[in-house]
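**Q** Throw the hints in and build the complete structure from the sequences for me.
Just so you know, the numbering used here puts the end of the sequence shown at 115, numbered straight through with nothing missing.
Since the hints were made in silico from the structure, they are not lab data.
We put the beta carbon where it would ideally sit given N, CA and C, even for glycine.
Listed below are the simulated SDA-like cross-link pairs for lysine to any residue, each with C-alpha atoms no more than 20 angstroms apart in a straight line:
| no. | residue 1 | residue 2 |
| --- | --- | --- |
| 1 | Lys31 | Ser44 |
| 2 | Lys31 | Leu47 |
| 3 | Lys31 | Ile48 |
Listed next, with one range per pair, are the computed distances between beta-carbon atoms:
| no. | residue 1 | residue 2 | range |
| --- | --- | --- | --- |
| 4 | Phe61 | Gln88 | 36 to 42 angstroms |
| 5 | Ala16 | Glu38 | 25 to 31 angstroms |
| 6 | Gln101 | Thr73 | 37 to 43 angstroms |
| 7 | Asp72 | Val28 | 41 to 47 angstroms |
| 8 | Ile45 | Ile84 | 55 to 61 angstroms |
| 9 | Asp81 | Val18 | 47 to 53 angstroms |
| 10 | Gly8 | Glu89 | 51 to 57 angstroms |
| 11 | Leu43 | Thr73 | 42 to 48 angstroms |
| 12 | Lys31 | Trp64 | 29 to 35 angstroms |
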Amino acid sequence: MRQVNFGLIFVISLALVLFGIENTELVTIKVIEGILEFQAPLSIELIIAMGIGAVLAWVFSVWVSFQSAIDTRTVVEERDVQIEMLQEDLERYKAELEEQQRLLPSANPSVESA
2 MRQVNFGLIF VISLALVLFG IENTELVTIK VIEGILEFQA PLSIELIIAM
52 GIGAVLAWVF SVWVSFQSAI DTRTVVEERD VQIEMLQEDL ERYKAELEEQ
102 QRLLPSANPS VESA
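**A** Spelled out as structure tokens, the structure:
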């Protein structure tokens, strides 16, 4: 799967670089109308936009992994509680079974014939 991811990223990056090489005209970026404007080649702007997109995708991936870890932790804690309850039930049932076996009359034939 890593090879597929690498190949896909490589092909997309190569296509963007080739597109950027062909588009070197200056374009104006208006961040805030009338206050923050600057000119740069289209290829540079494309690379910056691609970098921002990659960073946002990474942040989203980290966030999803964090949420998954929290969900997994919650499930494990719930299972631990359930395991403890089942172990307590098992110990109680063993104690009840031993008590019932102790109260049953002995079926030893040597005692009855004497």
